[in-house]
Amino acid sequence: MSELTKLTIAEAREKLRAREVTSEELTNAYIDAIEAANPTLNAYVTVTSEKARDMARRSDARYAAGEAGALEGIPLGIKDLFATEGVHTQACSHILDHFEPRYESTVTQNLWDDGAVMLGKLNMDEFAMGSSNETSYYGPVTNPWRVEGSNRNLVPGGSSGGSAASVAAMLCAGATATDTGGSIRQPAAFTGTVGIKPTYGRCSRWGIVAFASSLDQAGPITRDVRDAAIMLKSMASSDPKDTTSTDREVPDYEAAIGRSVKGMKIGIPREYRVDGMPGEIDGLWQKGIDWLRDAGAEIVDISLPHTKYALPAYYIVAPAEASSNLARYDGVRYGLRHNGKDILDMYEKTRADGFGAEVKRRIMIGTYVLSAGYYDAYYLKAQKVRTLIKRDFETVFADGVDAILTPATPSAAFEIGDAEMAADPVKMYLNDIFTVTVNMAGLPGIAVPAGLSESGLPLGLQLIGRPFDEETLFATANVVEQAAGRFTPKRWW
Amino acid sequence: MTIVDTRTPEPKRFIPGATGDWEIVIGLEVHAQVTSKSKLFSGASTEFGKAPNANVSLVDAAMPGMLPVINEECVKQAVRTGLGLKAQINKRSIFDRKNYFYPDLPQGYQISQYKDPIVGEGKIVISVGPDRKGNFEDIEIGIERLHLEQDAGKSMHDQHPTMSYVDLNRSGVALMEIVSKPDLRSADEAKAYLTKLRTILRYLGTCDGNMDEGSMRADVNVSVRQPGGAFGTRCEIKNVNSIRFVGQAIEFEARRQIAILEQGGTIDQETRLFDPSKGETRSMRSKEDAHDYRYFPDPDLLPLEFDDAFVADLAAHLPELPDDKKNRLIGDLGLSAYDASILVSDKAIADYFEKAAAGRDGKMVANWVINDLLGALNKNGQGIEETPISPAQLGAIVDLIKEGTISGKIAKDLFEIVWNEGGDPSELVETRGLKQVTDTGAIEGAVDEVIAANPDKVEQAKAKPALAGWFVGQVMKATGGKANPQAVNALVKTKLGIEE
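These protein sequence lines map, in sequence, to chains A and B.
Start counting the first sequence at 16; every next residue gets the next number (the working numbering).
Start counting the second sequence at 371; every next residue gets the next number (the working numbering).
Rather than coming from a laboratory, the hints here were simulated on the basis of the structure.
Cβ atoms here follow ideal geometry from the backbone N, Cα and C, with glycine treated the same way.
Take these hints with a grain of salt, some might be off.
Computed from the model, here is a short list of chain A residues facing chain B with C-beta under 8 Å [stated by the list, open to error]:
id	residue
1	I223
2	S318
3	R343
4	R348
5	L385
6	S386
Only chain B is shown next, with the shape it has when bound in the complex (with noise of 0.2 Å):
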């Protein structure tokens, strides 16, 4: 593989040494299981939480003269995701063993694809910032290739004093394993790429994400240079399950990397491991160590073989993709690109974004699910899916500020109602007195109320209009908000003879 340098090295992102500036260089695999209900050559379930060794069959556990069957469905999420990743589809591909023993490896070796992936090279776009005029930069990073392959079981070792127990219901579950080219500069840059692909492959329903239970692990490798100078000795940080913990690993990597290389010495090619609790990497084995895994087409399955209209046919039921769906959030909805972006960060904020804005203003349903439900939800320290609110009950809330019959105040109270208490918001509107005074008479006695008791006021306000405004809180005030603020408005200036 000759390796391009896509990009152009950039101070805001060097990290400055004693000898000068460098430059980090990373590259990640990222293991994604694929959402299938059975693995990837056996009927056993794929299902999360099961009681040990519950998820095997006579295949997953290698019994002898076994053989694997390819599921379908795994091989549609794999040719899904490369659609989702603009990715060459690779029509005929093959599966190959990956030898070496494990005791939770029952075949001693590991179906995957070598020299010959499903999909080939693709791209993704992450966006990094904002920056602080409040900006965001598009960074296009390219995809070398995705491949599937079998996960392996679970040792523990802390189950028997002297023995350890293996765990089969992962092996043989399916994973896609999705290599970027070496295009990252920053550990921001690398947690931005993670996040923008577990958003796409929740889009595709290919991988459910969820990096505690596993679903997404990444092979992280970092390599530091003189900024645009070669390419470094690179080390691979092994199964980090977060992104914060990504992110922590390279910045340590780095600095350990640069803090070598400037006391004149040189970088080991080796694998290491990075410590959440000390935040550290540390060597796992050297290159020395590495094992030879003895790849050879597997001789058990023909080459995976499909054709276009395979292809086109999942193509042309793909979901929508986060990218799209942000550009039809501006173009169409008139979003910006600042909501539209934290709209479509997540699948599920989007799909409840959707629907709350089905038929309304999109606009004011964005503000609403922005700053109210998703700032209240954070608070709560609440994810979407917690959301005690629903979107019909939200554009309920919208349709009434819409209407006239609550202002955006009173909004904001039955919010806070439905959110503590439930209900339907209109009801809650009649039920509990929240409409909105619109009649002009009972608006007109408060505003004389409010000019007979301020005559000071009155006075100022013909020299200077813009204490019309204090007087219209006043308003409000007495009429406990209920009071239509345009109207309120517009009387106040008649009476007070302020001219529009």
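For reference, chain A alone in the conformation it holds in the complex (with noise of 0.2 Å):
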């Protein structure tokens, strides 16, 4: 493995300014540890190295005519969710077969104004929808991390699990994301990497292929919480095209590192504490609190009461909204169509050969709960319980908690293909069960890495913040990251 592509983003943007590294050295470092490990990670589902590298050199002109941005130069992988002129964009479906988009998404069109450089099309679970990546039309990622003395393949989480694990195994020196019910935070736990969320809003989601449009926020994923600060303020925008992003400015994120939890209060909410959490993911709990109280914080319990409806009620939201947001797919204007008698034969042909099982489980779910008689009890009660888990939240933070901290995952990563889970989906969901909240509720949540489990697997505490509040979020999730430290896997592959 190159040295050049251990360096954070933070790192190489100093080299790249101190002119000690060009863009086109550092991008075709990430390009050969790409074409060496993807075939067994399975990362990436396209790479575009011509792309990149032409990217590079432009970057590196920049850097030489004095007009370097704020990720210039910077390497990136990008998720098949996001739209990208002309490459590849499927949101990882066979239905969306060779869909080269014409128009760029904001997110990462304000990365390539920044000056970042696209390595290529991340690996995600199908639409969006998965905790383990296994959904993807592509196959499934490999977690770059291993259980010690074990061969056995882990996946990555998902829904962003190319970007996670392109990104602890240094693929791409930072990846963007998203996330629904905890599609950035869950694989950021799983892989030993930092994911925010940020408050609904903060990032345009113009371009970015729709699962759950209430739900949907974009965001990165980073080797540690400075470049996720980075990466997250040029991601951000307030966006004329996308009607529920926010008009606040776009704060400077890196400013609040280093910044100090001196006095502020950390809520730990009772609720959080599930039946059957292994003794090592509390464990890692009371460590986090621990180190947040001896950076000065004060830890206080707290009770966000309508946490366990949180999941059940997402299981109504997220597939209603998804069932209608991929009606678009339908095999009439681009994608996969398998012809039929007539429009319906179409229709059905389409649908049944280009949507995965899981895929179609939640428009089924989605469209169910939506319908004539259902609506009230379903959907309609659903969205009563989003405004008290909402409630829940203003209650605390009104009590003047300045920030929440939790577990991310009730587990470590898992191996590919589990069987238990694999039988029954509601486990696969219950991975989801402490981000998911943060989602109903809109507001920013960041994983950061806390240690390891006793198998040697990479573990991640959740901080959840106010609304628009991420400032807080890097400024405690960096105490943690230094208490902490940093996790690596060893290069198996």
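Using the hints, build the complex out of the two chains.
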């Protein structure tokens, strides 16, 4: 592995600015690393080497001209959910076969405007539906982490499994990801990387293939907290093309790194102590509490009473929106089409073949809960629950809590093809038990690595903040990171 | 929704059947295309008649990751329309998705408003008639609601032997769905309602009302009942695209339903189509086949909210509405209710009239517009937009009569000349020698000649003064109509020795 790919974004930025290294060298190092690793890890579904080199050379020219942007020359991986002009954009679904948009998502455009380099498109669960990256049409992603002494392949989490795995395996300096119920934070926790889902509305959704519009948010997955702050600053914007995006200015998130947490109130929600939670997760949580207390934060026990309804309500709201959002994949205008004897037959053949099992399951759930006679009992009730969950958080924040500390996941990464999860989708859905509440309430949440499990796998903690107070999350996550140290997988691939 | 019957059953509207009288109950859902440069949620043009798929944005084609952004002008147009319908304006409304699959519906859902429309209850006063005595009847028809929604594209099945083509130019164009209460009781009332609604929309400039271009379509809900009885089961006739067809569809559908009921049958609630070539409705789909549209609030769009100031500003700049204009024409210009109704029925006619009548005798101009101009246009099958005589030209003709420069009879000739050849009426009067002769000497000569040539008539006239009119006519004939009729009349009477 090249030493260059070990650099964080902040470190690479220094070397690029100092002209100690060129973006082309950095980019080539990543392309080499991808070529070597991807057949094993399957993190990328397409590698845009030529485009990357071209962008890198232009970045180098801008460095030479003294016109470098905030992310100038930094090679990034892009989740396949983001529309990238003229490049594979298929949400890792068969139904979007050969789709290459003529437009660029706002988030990726923001990154290129700041000088970033695109290495390629990253694997993910089909339409971001999954917690293990096993629902991708392009096959599962392999976690660069393994249980000590084992050669069994683990999942990187999902849906942003390609993003998390590529960052952990140093196949990109940072990656874009999206999070609808935990799709940034859970894979970050499974791979020892940092992932932040910002407040709903902080990043434009324009050009991101929609899963559940009221929950979807883009965010970065990076090696450390500082890199997450740097990347989010470039990704975030106010976008007139997305009316749910915020008008607020994007703060200088990096300035929050190193900010003291002294006197901050950190809430510990008792409802997150779930039945059957492994002792090591509980232990990790306690370590996090101790670190923040040692750094001068005040630890307070809080209650978020409606937490237990979050997951069921999420699995009504998200599929409902998805069932409608995915109606456009009908074989008429783009992507896959299987001709039929009439229009209905064409729809049925195309969608039957184009969507995978998990996507179909969610479309059916969503269609069901919106149906006449069921709407009030399911969708409307779930929306009411959502309001209550939001109110839980508002109450706690109104009482002066600055951030909430929870485990990021109820377990460490599991094996690809885990029989229990395959047999019972609800078991898989439970992966998001600590993360969905944050999406339901539209709040920012960050997952930061905090230690290793007994079997040597990374575990993460989650910090939840007030709306648009990502800065507090960066400050507190940085404290955890400083105390816990960083975790990188031993290379076996 | 509780349906309140606001009407009193009246025998004149009943349809006699084999088993007794029947009453028709009608409600209309009108889809009116909002006049706007761009679509409801995208920047694509709404221009009519462009090449297929020329007006399509990424949003209209429902490309992955595209998001709708509300067009503020369409919101304003809906509020203006609501104000014009004297309706409740809802400062908070919600866009919902109506989900169904169709090739010309790229998103797989139509963005519409379901439970919380932008405009609530309002009313339209329609005028039905004239009856045998020449009277019009004013009837107030309730408006249930008005909401904004996207139009769909168009499937074309005649372009290829085995494939269908799709044109998305209309996809995403803003429509106002204006729903009436079931307050209409005859085909004539329904036609009057549509005519009046179209007039209001055109006055407001919120919909061009061109039904032949599809800018306005009506879904017609028809049921029949025994007069004053409970509402019957209704059938919905979809997408009728002319006012005349709406009338025909209602007449046919009512008779169809009455025939079924009189034979002891029941009406199935269903959606029907009107076939203009056969003048009949036929079943499209039954209630059992009705779609479950799975409405839910569109998560891509925040609730649509505006404040009182937004509404007040639109209200302050609202154009004059037909009923207000009619009252003003009657009150200020002294027009008859009949004339005022005709003039305001079409905004273009009203505009023409007001230009021509500015600073002139309104009643006189109204007569010329209604009898002469509209008469001539009707005869030629032309609309007011095609008039060869401008308001200024018509006004000038009226001025010439008023000044006594020409007689009313010559004015008709002058009208003909301007209609056919154009030109400035005053100049034409000079160059064509149409000027009225007011020179008493010249007229006197002509009177003397006529008297001298008809001694027998002179005798008769002395006994029967009404015969003076015959002399006047002869003099006018002799002078080619140019003599001032009042002067001729006075002279004839003096010379014949008839007292005034």
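Broken hints, by number: Failing hint: just 2.
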